[in-house]
Amino acid sequence: MYRYFSEIFSGLWSLIVGMRITLVEFFKPNITLHYPHQTVKMPARYRGHIELIADEEGKPRCVVCGMCEKACPSGCITLEGEKPEGSKKKVLTSYKLDFTKCSLCGSCVDSCNFGAVEYSKEYNLASTRKEDYHFDLLKRLEDRHS
Amino acid sequence: MTEPIVLQPDETFVLNVGPQHPATHGVLRVKMTMDGEYIYNAETVIGYIHRMHEKMAENRTYSQYLPNLSRLDYLSAMAYSHGYVLAVEKAAAIEVPERAEYIRAITVELNRISSHLVWFGAFVLDLGGFSPLMYAFDDREQILDLLEGITGSRLTYCYFRFGGIYNDIDEDFIQGTRQFIKRMRKALKMYRKLVTTNIILIKRLKGIAPVSVDMCQRYGATGPVARGSGINYDVRKNEPYSVYSDFDFDVPVFTECDAYARYNVRMEEMEQSLRIIEQGLDKLPDGPVNPEKKPKAIKLPPGDYYSTVEAGRGSFGIRIVSDGDKNPYRLKLRTPTFSNMHLFDEACRGMLIADALAFMGSLDLVIPEMDR
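The listed protein sequences derive, respectively, from chains P and F.
So the first sequence is numbered by this note's numbering: it starts at 1 and just counts up by one.
So the second sequence is numbered by this note's numbering: it starts at 1001 and just counts up by one.
If we strip away everything but chain F, and leave its shape as in the complex, we get (with noise of 0.2 angstroms):
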């Protein structure tokens, strides 16, 4: 017979998440140095799907480009595809429309509310509440067919062009996204009475994964994980972009720094998109979504351009250096995901497994963004 395996009591194990796992979202692989069942050291591993997004943008043309950007987070593409529009053009001075920026605000808007209701249903997943998933793709097949029915596309959407849009709103659009407001505003009471104050939840967020606000300035932590550490930090009001500064909205921050606090960081900025997508409609400007010369072949004159925007993970930045030809010399992501995501290995250190798998939840990965 043989003997049962007894753990000698400083004996560690490896366990491996990923990264083929439910919980990672993705291919992302960590590899975990068990204590039992604590922790003892996380070592994140990424790669699995690296598609060399940035050597792609060197040989072709900067509007071949555009497919990219939104295979990089496919869950708030359009926020991707604008930090890039805006970069090539203010470096080509390429004057936009109003009305094509007002379309672009609220299309982003409502991406960032998409993207919010997959994490959060994705979130509660992890936790093990199902139905709350259900609810919220509900809502999200509504976005998702308003923005089918302008740009074409249901999750890819490339829809935004050098100086505009691909094609213009509609009436069905407007009224469509005013119907969802109202849905969307009651749906966010019933998701706080369902989720956000059931016990079990709270039970299992409440002071669990603190990330000091040390941290996030270290790892270059953007978006709602940083503002649930009270860094009141967003590029749509620190530095804005597009039509940004015409809005009135509030940035939500929680000083708690745990995971309840990130939690409800998105929770809130639901509510505060709508306010941006109500007020985006009502001050929409008539007139072209295009500019009057279609630029065709963009050539940006030699020197090296920044842009970045909020993106729904936080904030998106990208750099092209440009040596005068129609492909880019150079062209850098910054993925927020990437940052947020290496804060893990440190904070995870001691805590349960089933926390850390919370924690997990509470970054917002999307795999395929910071492996790009």
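In isolation and in its complexed conformation, chain P is listed as follows (with noise of 0.2 angstroms):
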């Protein structure tokens, strides 16, 4: 019998301290942001699609050894560079990467011994067209320095 009525007690209080708790919640200021309004800024180590870094002339890193192309476990890294004459060095004439099948892994920019890649902090991405996830990383690249 007193087993019962404590039981009928106890619960109620534990009720009523629940309440309390979301009552002082409800008080508490607003945490979430208006997405499109209010945005997040990303961390400096954000992991976001990958971008060539440019040299002081404007001119791309890499030097098409092809690493970071070997390293992708899925294979959405196409590059291609040509040896113009006179010169020793390969110059990139293509770089084409396929974000539809990215997993933003980053063993791309791991493998690179030129630091010749980097992360993009560009999250803002939604497409209706897979086309629009082709990215040419040079042409991206030459249209920021022009």
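Derived from the structure by calculation, the hints contain no laboratory data.
Just so we're clear, the structure is a prediction, and the values are computed from it rather than from any experiment.
By construction, the Cβ of each residue, glycine as well, lies at the ideal position given by its N, Cα and C atoms.
Incorrect hints may have been included.
With a straight-line cut-off of 25 angstroms between C-alpha atoms, the simulated PhoX-like cross-links for lysine-lysine are [claimed, not checked]:
hint, chain 1, residue 1, chain 2, residue 2
1, P, K70, F, K1299
2, F, K1182, P, K28
3, F, K1182, P, K101
4, P, K101, F, K1055
5, F, K1326, P, K70
6, P, K70, F, K1055
7, P, K70, F, K1296
8, F, K1293, P, K28
9, F, K1293, P, K70
10, F, K1189, F, K1203
11, F, K1193, P, K28
12, F, K1296, P, K90
13, F, K1186, P, K28
14, P, K101, F, K1326
15, P, K89, F, K1296
Counterexamples of contact, computed for chain P against chain F with all Cβ distances above 10 angstroms [to be verified]:
hint, residue
16, S14
17, H34
18, Q38
19, R47
20, C72
21, G86
22, F99
23, C105
24, N124
Quick one: dock chain against chain with the hints and give me the complex.
See below:
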């Protein structure tokens, strides 16, 4: 008999305690952001899709060694280069990223020994067309430096 | 006029829960044969999100397989990567700097708390309480921000590398984590008052869904499910790996075998994880986080290698069979939820359907992980 009543009272008390917590939370300030009007700043190490890095002259630092292409688990990267006459170094002629397959693991940036690729901070990448995710990184680099 | 349907006294009907059902938290299908409100027989059907992770391992190099590990259990991805890198490091005899091991332990424990917070919110939501989910996600958000700051990613981290980690932690992370520990201790007290001692939760969970020690052993259940049935087994204590032997922490074990015991194990585990993180930050040694000579192309000597870690849901084992090639010959993933879920079929017989859903929540199922 005693247990029966004590359970009723302790049960009721637990509900009151719970309601009090909910009430206190109710008057606390809002912690969510209204997304399109307010945005979060991405941290410095945010891993977006990759982007080529330019040297002082605005040319890509890439030496077309193909390490990133080999390191990529999903085969998103295709790059081509050629040796201009009289030059020892290869010059990048095309760097394509198929972002539809990319899982943002960072293996390409890790594998690069020349510091030629970095992560972009871009995350607003919604589109209904697949082609929008086939990035021509060389063209993007030229656009940034023109 | 049509006659109303009258069930015969011994008649049963089949109820399909899932593959798209909010209570299964993923694409799990449970075929329940019902006798009125009671479950006569249940059969769990998996395979709706099978992605051939084991087969994929055979077609890519050891380092190319790293991102896959985060996609098994998206809630505690760190622990799964940890198991994999440990297995490969053991096989290839790669030395790991001590600082890297400490950072691994800290991030894995943070990830364990965030995983338990999702479980906590979703479990209470299954039982009909909505607001705890919001509080849990608020706390989890702090962890995600901390981990995003150092790894660059919020869920599928891919932070560990063979022999070390992707990049070192900074002062912001250390300060942020210390603040988070204080905040989380306060929050855990609040959860205790709001949820753990709540009469509705106690009535829904106490004495519900008993899972005996024998059943746990027969199905190979591990983690909080086994510890809620009184089995004192935690890989971090029983077979210490990484730097876990340096930490002073307890393994919560409850002997009631019911859903409330499993609930309490996880709530206690969060407190213990906070202790580990605190000790890890205090003891964090200086030094490099990657070996001097970074291993590039990894080839394991021919042989059979196994390594196991304590993930958020139980013991996660990984077996690598190597023939000396740059790809594994065979890679087997032993995921905890796969074993934990299969005792559901046997244990839920004769249970009310509402209790069975509470039972399913208390098992903490992550479908992509069991169905890899």
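Hint check:
{"no.": "1", "hint": "P:K70 with F:K1299", "in the structure": "holds, 16 angstroms"}
{"no.": "2", "hint": "F:K1182 with P:K28", "in the structure": "holds, 19 angstroms"}
{"no.": "3", "hint": "F:K1182 with P:K101", "in the structure": "violated, 40 angstroms"}
{"no.": "4", "hint": "P:K101 with F:K1055", "in the structure": "holds, 18 angstroms"}
{"no.": "5", "hint": "F:K1326 with P:K70", "in the structure": "holds, 13 angstroms"}
{"no.": "6", "hint": "P:K70 with F:K1055", "in the structure": "holds, 20 angstroms"}
{"no.": "7", "hint": "P:K70 with F:K1296", "in the structure": "holds, 12 angstroms"}
{"no.": "8", "hint": "F:K1293 with P:K28", "in the structure": "violated, 52 angstroms"}
{"no.": "9", "hint": "F:K1293 with P:K70", "in the structure": "holds, 20 angstroms"}
{"no.": "10", "hint": "F:K1189 with F:K1203", "in the structure": "holds, 21 angstroms"}
{"no.": "11", "hint": "F:K1193 with P:K28", "in the structure": "holds, 18 angstroms"}
{"no.": "12", "hint": "F:K1296 with P:K90", "in the structure": "holds, 23 angstroms"}
{"no.": "13", "hint": "F:K1186 with P:K28", "in the structure": "holds, 16 angstroms"}
{"no.": "14", "hint": "P:K101 with F:K1326", "in the structure": "holds, 23 angstroms"}
{"no.": "15", "hint": "P:K89 with F:K1296", "in the structure": "holds, 24 angstroms"}
{"no.": "16", "hint": "S14", "in the structure": "violated, 5 angstroms"}
{"no.": "17", "hint": "H34", "in the structure": "holds, 16 angstroms"}
{"no.": "18", "hint": "Q38", "in the structure": "holds, 15 angstroms"}
{"no.": "19", "hint": "R47", "in the structure": "violated, 4 angstroms"}
{"no.": "20", "hint": "C72", "in the structure": "violated, 8 angstroms"}
{"no.": "21", "hint": "G86", "in the structure": "holds, 33 angstroms"}
{"no.": "22", "hint": "F99", "in the structure": "holds, 15 angstroms"}
{"no.": "23", "hint": "C105", "in the structure": "violated, 4 angstroms"}
{"no.": "24", "hint": "N124", "in the structure": "holds, 16 angstroms"}
The structure is inconsistent with the numbered hints 3, 8, 16, 19, 20 and 23, although it conforms to all the rest.
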